[in-house]
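Trainee: Numbering-wise (our numbering), the sequence shown opens with residue 17 and increments by one.
Treat the hints as calculated values from the structure; they're not laboratory data.
Each residue gets a CB set at the ideal place from its N, CA and C atoms; glycine is no exception.
Take the hints with a grain of salt, since some may be wrong.
[As the list claims (entries may be wrong)] Quick list of the computed label-pair ranges, beta carbon to beta carbon:
#: 1; residue 1: Lys227; residue 2: Asp324; range: 33 to 43 Å
#: 2; residue 1: Arg322; residue 2: Arg248; range: 40 to 50 Å
#: 3; residue 1: Tyr272; residue 2: Lys81; range: 19 to 29 Å
#: 4; residue 1: Lys219; residue 2: Ile101; range: 48 to 58 Å
#: 5; residue 1: Asn278; residue 2: Lys69; range: 18 to 28 Å
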Amino acid sequence: MSEYSICHYPYTSIQINEKGDVHPCCHPWCSSFSFGNLLRQPFSEIWNGERAKEFRKQFQDDNYKYCRLDTCINAPDRKFKTDLIAENYPEVIALSYDRICNVECIFCRNCNIKQDLTEFDKTIDNWLPEVFKNAQRVSLSGVGEALASLHTRKLMSKIAKLYPKIKFDILTNGLLMDKKNIEELGIINNLGVIRFSFHATTKKTYDKLVKKGNFDRVMENIKYISDLKEQRKVDQLEFRFVINSINYKEMVDFTYLAKKMNANITFLNLLENEDSKELFEKLNILNPKHKEYNNLLKILQNPVFREDFISINNELLQTKPMWILNFFKKINKYNK
C-alpha cells in the first residue's frame with residue numbers, strides 16, 4: 017500500500033465538462049472518471065463522495081486503474097497522503113464546459129459550435145460559492161474561447177468581483193486578449209498563466225490553419241501580454257504549437273519568437289478529428305510513414321530545441337519518435 021499519492025490533482029483540483037461532470041483532471045488522463053455531476057448534486061456530495069473516494073483509493077492500492085499513465089502529464093511536485101478524503105476544497109477550478117469559439121482551426125473543428133448553457137446559467141449561483149470557497153486559480157477553457165462567450169465573460173467578471181485574489185489562467189487563440197477586454201472583465205490584476213494557441217510565425221501559414229482569425233491582431237495582443245509580464249502583471253506567458261505538415265518548418269522561428277517575448281513553449285501532437293480522417297493523415301507529420309517525416313527530423317536537430325523553455329506534452333512523448341528522446345529535455349509540467 018502506498019503512503020503518498022503520485023499526483024496532487026484528486027486532492028487539489030477539478031475540471032467541469034460540458035455536461036456538468038466533475039473530473040479530477042483532464043478527462044483523457046483519468047479515463048473520463050467523474051466524481052459526480054454539478055448540475056444534479058451539491059458539490060459537498062461530490063468532492064468527498066463515494067466516487068471521489070473510489071478514485072483516490074487507487075493511489076493506496078498502487079493499481080491506477082482509472083489513470084491513463086501513458087498520456088498523463090501529472091506534476092508530482094507536492095506530496096499528499098493517500099487519504100480517501102481531501103482535507104480542503106479544490107484550489108484550482110478548470111471550467112472546461114463552454115465550447116463556444118470565434119475561430120475554426122482546421123485540425124480542431126470545421127464549424128462553429130452553438131451550445132445551450134441554460135442549465136449552467138440557472139444553477140451557477142447554487143454551485144459557485146461552494147466550488148470556489150478554497151479556490152486560488154480558475155483555468156479557462158481548453159475547449160473553446162472564453163473571451164468569445166457571453167456566458168463565460170459574465171462568469172469571469174462575477175468571479176473577479178466575488179474573489180478578488182483569484183488568478184485566471186487562460187488558454188486563448190489571442191484575438192480578444194487585448195487591453196479593452198481585460199479591463200472590461202476587471203481581471204487586469206488577476207492574470208495568471210496566459211497561453212496563446214496560434215501555431216505559426218507567419219500570416220501565410222496561420223491563415224492556412226486558422227479560419228476567421230487575424231494574425232496581425234494576435235501578434236499585437238501577444239506583445240501586449242508580454243509587456244504586462246515584464247511589468248509583473250502576468251505570472252507566466254506560454255505559446256502552444258500543434259505540430260503538423262503545414263507549420264513544422266516554422267518550429268525554429270517559433271522558438272525564437274517565444275524567446276523574444278519571454279514565453280515558454282508547449283509543442284503538442286495532432287489529435288485525430290473524427291470529422292476528417294483524411295485531413296488528419298495529411299497533416300500528421302509525426303507518422304513515420306508521412307512523406308515529410310524525415311524533413312521534420314532534420315529540423316529538430318537544431319540545438320534550439322534543447323532550451324529549457326521548450327516543453328512537450330506526455331501524449332506526444334508516447335509516440336516515441338527518437339527525435340523527442342534526443343532533442344527535448346523534459347516532459348511538460350504546466351499547470352492545468
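Trainee: It remains to establish, for every hint, whether it holds in the given structure.
Mentor: Each hint, compared with the structure:
{"no.": "1", "hint": "Lys227 - Asp324: 33 to 43 Å", "verdict": "34 Å, holds"}
{"no.": "2", "hint": "Arg322 - Arg248: 40 to 50 Å", "verdict": "28 Å, violated"}
{"no.": "3", "hint": "Tyr272 - Lys81: 19 to 29 Å", "verdict": "44 Å, violated"}
{"no.": "4", "hint": "Lys219 - Ile101: 48 to 58 Å", "verdict": "53 Å, holds"}
{"no.": "5", "hint": "Asn278 - Lys69: 18 to 28 Å", "verdict": "43 Å, violated"}
In summary, the numbered hints that this structure violates are 2, 3, 5.
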